[in-house]
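Asks: Sequence:
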Amino acid sequence: MVRIGDRMLMYAVYGTAGGVPALSLGGTPSTRWKRPEVVATIEASGLWMVMPDRPGYGGSTRQPGRSVASVASDAAALADSLGWDRFAVTGGSGGGPHALACAALLPDRVAATSRRQMRTANCCSG
Numbered sequence: 001m002v003r004i005g006d007r008m009l010m011y012a013v014y015g016t017a018g019g020v021p022a023l024s025l026g027g028t029p030s031t032r033w034k035r036p037e038v039v040a041t042i043e044a045s046g047l048w049m050v051m052p053d054r055p056g057y058g059g060s061t062r063q064p065g066r067s068v069a070s071v072a073s074d075a076a077a078l079a080d081s082l083g084w085d086r087f088a089v090t091g092g093s094g095g096g097p098h099a100l101a102c103a104a105l106l107p108d109r110v111a112a113t114s115r116r117q118m119r120t121a122n123c124c125s126g
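For what it's worth, our numbering labels the leading residue of the sequence shown as 1, then goes sequentially.
FYI, nobody ran anything at the bench for these hints, they're computed from the structure. Check before you lean on any hint, since a few could be wrong.
Estimated spans, in silico, between C-beta atoms of each pair [what the hints assert, rightly or not]:
no. : residue 1 : residue 2 : range
1   : Pro64     : Val38     : 29 to 35 Å
2   : Pro107    : Ala40     : 28 to 34 Å
3   : Pro36     : Asp6      : 31 to 37 Å
We treat Cβ as the ideally placed atom computed from N, Cα and C, and that holds for glycine.
Generate the whole structure from the sequences, applying the supplied hints.
Replies: Laid out in structure tokens, this is it:
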């Protein structure tokens with residue numbers, strides 16, 4: 001947990017301390033908790049990955065008036081608490097715009113970014 005003003009930002013860290021620092025922003029609604037096979041993949045990757053709960057999700061305090069751009073200050077505070085100067089950012093589905101906001105608003109800190117989109121089969125042809 002990291003405190004940001006009067007809010008708490010809950011997060012989980014996966015992978016190897018000292019590995020490549022990466023921030024992963026989950027989709028909507030997603031929390032910091034990941035399935036065992038996902039954790040195993042992260043651990044095998046050499047990443048040191050942090051996954052926060054977005055404000056109002058999981059255990060993180062709500063942030064009234066929040067925008068997608070608000071994630072940048074949370075990302076910086078989280079990276080500071082972990083001692084990261086530079087880090088990669090990735091976002092899946094609804095986390096994609098948040099990852100792009102971090103890259104745009106923290107150019108001196110974000111070393112790389114990626115956005116993942118889930119693809120589903122067309123189940124309802126009409």
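Asks: Please go over all the hints and tell whether each is borne out by the structure.
Replies: Each hint tested on the structure:
1. Pro64 x Val38: 29 to 35 Å: holds, 31 Å
2. Pro107 x Ala40: 28 to 34 Å: About 33 Å separates the Cβ atoms of proline 107 and alanine 40, which means 28 to 34 Å holds.
3. Pro36 x Asp6: 31 to 37 Å: About 35 Å separates the Cβ atoms of proline 36 and aspartate 6, which means 31 to 37 Å holds.
The structure fails none of the hints (numbered hints given earlier).
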